[in-house]
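2 protein chains.
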Amino acid sequence: MSAQYRKLHDHFKRISHFEHFNNLGEWDLCTMMPDGGSEGRSEAMATLSSHIHEMRTEDWLSDSIQQAMQESLPAAQQANLVEMQRQVSQASLVPAKLVAAKTKAAFACEHAWREQRKNNDWQGFAPNLTGVIELAREEAQIRAEALGITPYDALLEKFEPGMTTDKLEQLFAPLRSELPGLIQQVVDKQAGEPNTSLTGKFDTAAQEVLSRKVMALLDFDFNQGRLDVSSHPFSCGVPGDIRITTRFDEDDFSSSLMSTIHETGHARYEQGLPTDWQGQPAGMARSMGMHESQSLFYEMQLARSEGFLGLIRNDINQAFGNDYSLEQLKHSFTRVNRGLIRVDADEVTYPCHILLRFDAEKALIDGSLAVKDLPEFWNANMQQLLGLSTQGNDKDGCMQDIHWTLGELGYFPSYTLGAMTAAQIRYAMEKQLGSLDKLMSNGRIKEIFNWLSANIWCKGSLMSTDELMTSATGEVLKGEYLLTHLKQRYLG
Amino acid sequence: MSAQYRKLHDHFKRISHFEHFNNLGEWDLCTMMPDGGSEGRSEAMATLSSHIHEMRTEDWLSDSIQQAMQESLPAAQQANLVEMQRQVSQASLVPAKLVAAKTKAAFACEHAWREQRKNNDWQGFAPNLTGVIELAREEAQIRAEALGITPYDALLEKFEPGMTTDKLEQLFAPLRSELPGLIQQVVDKQAGEPNTSLTGKFDTAAQEVLSRKVMALLDFDFNQGRLDVSSHPFSCGVPGDIRITTRFDEDDFSSSLMSTIHETGHARYEQGLPTDWQGQPAGMARSMGMHESQSLFYEMQLARSEGFLGLIRNDINQAFGNDYSLEQLKHSFTRVNRGLIRVDADEVTYPCHILLRFDAEKALIDGSLAVKDLPEFWNANMQQLLGLSTQGNDKDGCMQDIHWTLGELGYFPSYTLGAMTAAQIRYAMEKQLGSLDKLMSNGRIKEIFNWLSANIWCKGSLMSTDELMTSATGEVLKGEYLLTHLKQRYLG
Ligand SMILES: [Zn+2]
Ligand SMILES: [Zn+2]
Numbered sequence: 001m002s003a004q005y006r007k008l009h010d011h012f013k014r015i016s017h018f019e020h021f022n023n024l025g026e027w028d029l030c031t032m033m034p035d036g037g038s039e040g041r042s043e044a045m046a047t048l049s050s051h052i053h054e055m056r057t058e059d060w061l062s063d064s065i066q067q068a069m070q071e072s073l074p075a076a077q078q079a080n081l082v083e084m085q086r087q088v089s090q091a092s093l094v095p096a097k098l099v100a101a102k103t104k105a106a107f108a109c110e111h112a113w114r115e116q117r118k119n120n121d122w123q124g125f126a127p128n129l130t131g132v133i134e135l136a137r138e139e140a141q142i143r144a145e146a147l148g149i150t151p152y153d154a155l156l157e158k159f160e161p162g163m164t165t166d167k168l169e170q171l172f173a174p175l176r177s178e179l180p181g182l183i184q185q186v187v188d189k190q191a192g193e194p195n196t197s198l199t200g201k202f203d204t205a206a207q208e209v210l211s212r213k214v215m216a217l218l219d220f221d222f223n224q225g226r227l228d229v230s231s232h233p234f235s236c237g238v239p240g241d242i243r244i245t246t247r248f249d250e251d252d253f254s255s256s257l258m259s260t261i262h263e264t265g266h267a268r269y270e271q272g273l274p275t276d277w278q279g280q281p282a283g284m285a286r287s288m289g290m291h292e293s294q295s296l297f298y299e300m301q302l303a304r305s306e307g308f309l310g311l312i313r314n315d316i317n318q319a320f321g322n323d324y325s326l327e328q329l330k331h332s333f334t335r336v337n338r339g340l341i342r343v344d345a346d347e348v349t350y351p352c353h354i355l356l357r358f359d360a361e362k363a364l365i366d367g368s369l370a371v372k373d374l375p376e377f378w379n380a381n382m383q384q385l386l387g388l389s390t391q392g393n394d395k396d397g398c399m400q401d402i403h404w405t406l407g408e409l410g411y412f413p414s415y416t417l418g419a420m421t422a423a424q425i426r427y428a429m430e431k432q433l434g435s436l437d438k439l440m441s442n443g444r445i446k447e448i449f450n451w452l453s454a455n456i457w458c459k460g461s462l463m464s465t466d467e468l469m470t471s472a473t474g475e476v477l478k479g480e481y482l483l484t485h486l487k488q489r490y491l492g
Numbered sequence: 001m002s003a004q005y006r007k008l009h010d011h012f013k014r015i016s017h018f019e020h021f022n023n024l025g026e027w028d029l030c031t032m033m034p035d036g037g038s039e040g041r042s043e044a045m046a047t048l049s050s051h052i053h054e055m056r057t058e059d060w061l062s063d064s065i066q067q068a069m070q071e072s073l074p075a076a077q078q079a080n081l082v083e084m085q086r087q088v089s090q091a092s093l094v095p096a097k098l099v100a101a102k103t104k105a106a107f108a109c110e111h112a113w114r115e116q117r118k119n120n121d122w123q124g125f126a127p128n129l130t131g132v133i134e135l136a137r138e139e140a141q142i143r144a145e146a147l148g149i150t151p152y153d154a155l156l157e158k159f160e161p162g163m164t165t166d167k168l169e170q171l172f173a174p175l176r177s178e179l180p181g182l183i184q185q186v187v188d189k190q191a192g193e194p195n196t197s198l199t200g201k202f203d204t205a206a207q208e209v210l211s212r213k214v215m216a217l218l219d220f221d222f223n224q225g226r227l228d229v230s231s232h233p234f235s236c237g238v239p240g241d242i243r244i245t246t247r248f249d250e251d252d253f254s255s256s257l258m259s260t261i262h263e264t265g266h267a268r269y270e271q272g273l274p275t276d277w278q279g280q281p282a283g284m285a286r287s288m289g290m291h292e293s294q295s296l297f298y299e300m301q302l303a304r305s306e307g308f309l310g311l312i313r314n315d316i317n318q319a320f321g322n323d324y325s326l327e328q329l330k331h332s333f334t335r336v337n338r339g340l341i342r343v344d345a346d347e348v349t350y351p352c353h354i355l356l357r358f359d360a361e362k363a364l365i366d367g368s369l370a371v372k373d374l375p376e377f378w379n380a381n382m383q384q385l386l387g388l389s390t391q392g393n394d395k396d397g398c399m400q401d402i403h404w405t406l407g408e409l410g411y412f413p414s415y416t417l418g419a420m421t422a423a424q425i426r427y428a429m430e431k432q433l434g435s436l437d438k439l440m441s442n443g444r445i446k447e448i449f450n451w452l453s454a455n456i457w458c459k460g461s462l463m464s465t466d467e468l469m470t471s472a473t474g475e476v477l478k479g480e481y482l483l484t485h486l487k488q489r490y491l492g
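Just so you know, the protein sequences line up as chains P and D, in that order. The first sequence begins at 1 in UniProt numbering and counts up by one. The second sequence begins at 1 in UniProt numbering and counts up by one.
Keep in mind the hints are simulated off the structure, nothing from the lab. Treat the hints with care, since some could be wrong.
Given that identical chains are not distinguished, each listed pair holds provided it fits within a single copy or across any two copies.
What the hints assert, rightly or not - Pairs of lysine-lysine residues, derived as DSS-like cross-links and limited to a Cα-Cα distance of at most 27 Å, are as follows:
hint : residue 1 : residue 2
1    : K7        : K478
2    : K438      : K7
3    : K104      : K7
4    : K438      : K201
5    : K431      : K446
6    : K395      : K102
7    : K13       : K104
8    : K189      : K167
9    : K118      : K372
10   : K97       : K7
11   : K478      : K431
12   : K431      : K104
13   : K372      : K478
14   : K431      : K487
15   : K158      : K487
16   : K330      : K158
17   : K97       : K438
18   : K213      : K446
19   : K158      : K104
20   : K167      : K213
21   : K431      : K7
Keep in mind it's a predicted model, so treat the numbers as computed, not measured.
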């Protein structure tokens, strides 16, 4: 290690130590902290965040990174420098004053939204959202000028390094044209099948036991992580200690189970990141889309497959004293319904929710869509994509998500990028390992994890997304694998 | 607030935000963290600690505090400046190199001790302990020179600002002379009483329910704190979020219950610290002895009294389906036994364990006792104080405590200072409120907490220990109240 590189290496290691506590503070807040701790925690988190921000924007960093880049360092160190530079410039781009204004507006908007959404109060919500969107637009413009790209691309860059609107349009084009017809076909096909919903009362303690069993089957290492309960499931943690949460619903074990499996996918990616690069920017997950690809690989590609459901059928029946057949489980876990709510959507209709939001975000950022016209825009697009109306029902329309209330625009595409990536990974994996269903029914599920570990997880951010996809699957991300998968599973 | 004072105020507030995470990291480590998290946590804690240390030793601080002290500030702000100065000089006294050497030696010593103690391996332990004690002596000398006091007094100063060996000798003198005889009298008296031990199997879930009930009776605010399980009970936390831990033993509910009550006392002190001074040095607990006085007030003065046991008898019987009489509970919770182990000792014999350690520490620090002679010293003093031998049984003698393995000398006296303080507080309180037993049986237990809150907790470190004791009890700490209490309870 050169002296120049060593100094940077140690600085980013120190940053990761403070991030460690940021992470712990968030987890504790959502799982353990009594109400009385809110004020103290939020003050302490603010000081910690601003300390981390200061460390990422220290004067000497950019020059030092540039100088280190001139040295003839090993490729992996070069990659680490690129990621350091990304962190530094991302942190330096937006003036602290704007960050503070946005945080304040977002906090107020989100807080009011919790009631306004319940009351379908668009008139009350619109002015708050307008304020937040204006600040997000300002942020996008500042980022765009600094990076020499368009404002919306500058937002995408936060979550998906290298991604652009044009690339997304290309990737999403087949979905736009084919999905509405495909959904109709699937719905028609499933209309002829028996009703298979898994109704009943499901003891939450039994659900927890089942969750832990399934996590163990998915090779989650409880010596390096935890499962807890929170009102919204999430995963977080630090190397060696990755924690996920779930929630249990007495009336519906299946959504909790699938959400646990989803978070387990996120967690295993984190548990599998390269240990040699712990605490370094190159040792982190590649992008939000890549992260989502791992959770969706677990939840969609694996968990709803016949092979996997065959593995957990006994555990499910044992947990609740039922006798579901494999056929029943398969039907239930692959049921397709057009609905208004994104987070409740199945994998076939889900991309429609994203297409709508992607189009809305672009237009909100370039100014061609005003917040006041959002309900109409939403209704028109829902009609077109899913044949559903949100007229007068904004709480289940443009008011349903938390993202925009927080000023987080540019994130939604990552969900569908994740689904596409997961599908492409599955086909590449099957070329090498053969049918995953067969692998699983032959007790060789670990080979799947080994493949992910060797081809995705252990690469961290040591290569770009395109390089990672090419090295793992033989080609850069392509939109068609998701459609192929959907047709195969739902029409095959 | 003057500008000078404001700057200091904000700096110490920021320090408290980082301490917040130090605290959370420790709690999580003892209660929640999976094994895999150890390495990452200890690295992150080390970075955080050194950051806090840097903040406490920034160049400008001492001058700035001195200048602020020249301003005509309100008395409370002056008190805060005094506490700031104490923190700054305590942090600056010891060179970082010595701190690091001591941490390393302590870690190795304590780690090996866990096995060595089990194996009664004094020969293996002695060289490690010698290394740690040498570094502790070096630390004491450096502190002593800087403060112009003796080395052992300089160690006391860390835990008990203003306390000296001479004062301790005076306070402890009556115990030294009277306790051995008193213990004999109590043991003789109790020999004639029926055996009252509360034996059986006690469901741990029922123990937890009981713990929470008793904590609620003690006015612990679960909206501002938690109860969890850890291998060694402790209390910690930040304003608004004070957490205690306990452990449950199927064969013995009473020690777990008493330890929960003890930690509840610590917690209520923390919950009661002055809210206006949160995050400021003057807003913290006065000293370790004062902290221990609150836990011992709860555990000894309150919880083993007839009034309190009367309040919880039904809960105990309900929890385990027993039918203990009040007499039985009282006998059992005030049983006196001479034993070798400090942490298992009752309140009558406990001070003997402290006297022995106090004498040993002084001699280890002034060099008149060598580590190699410690077993002999221990045996001789145990013979004299409690009539017990530790010959050839070092694991239950000089190897039983963790404190010295960690290089922590000067702490032991705080336990008995706490017991003395608790007794003195009780007599002062009874002068104003009448018999506590009567208060409790009349459903007026809250008046006890109100008294503590108004006279102790809400004072934080706004006055010195002597001032605090005088304002609360009418006089500085006196040794005799503890003896009076013991005689009254055990011979009365
Ligand atoms: Zn996810
Ligand atoms: Zn204590």
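Now the hints, each set against the structure:
1. K7 / K478: neither (40 Å within a copy, 57 Å between copies)
2. K438 / K7: Neither: 50 Å inside a copy, 68 Å across copies.
3. K104 / K7: Close across copies (24 Å), not inside one copy (35 Å); limit 27 Å.
4. K438 / K201: neither (33 Å within a copy, 51 Å between copies)
5. K431 / K446: within (17 Å within a copy, 72 Å between copies)
6. K395 / K102: The answer is within: 23 Å in one copy meets 27 Å, while 61 Å across copies does not.
7. K13 / K104: between (30 Å within a copy, 21 Å between copies)
8. K189 / K167: Neither: 33 Å inside a copy, 89 Å across copies.
9. K118 / K372: within (19 Å within a copy, 73 Å between copies)
10. K97 / K7: Answer is between; shortest inter-copy Cα gap is 21 Å, intra-copy 30 Å.
11. K478 / K431: within (16 Å within a copy, 83 Å between copies)
12. K431 / K104: Cα proximity of K431 and K104: none, with 50 Å in one copy and 53 Å across.
13. K372 / K478: So K372 and K478 fail the 27 Å test inside a copy (36 Å) and across (74 Å) alike.
14. K431 / K487: within (18 Å within a copy, 84 Å between copies)
15. K158 / K487: Neither way: K158 and K487 sit 32 Å apart in one copy and 71 Å across, limit 27 Å.
16. K330 / K158: neither (37 Å within a copy, 66 Å between copies)
17. K97 / K438: This pair counts as neither: shortest intra-copy Cα distance 56 Å, inter-copy 60 Å.
18. K213 / K446: Answer is within; shortest intra-copy Cα gap is 15 Å, inter-copy 47 Å.
19. K158 / K104: Within one copy, since 20 Å is at most 27 Å while 42 Å is not.
20. K167 / K213: The answer is neither: 40 Å in one copy and 61 Å across copies each exceed 27 Å.
21. K431 / K7: neither (44 Å within a copy, 65 Å between copies)
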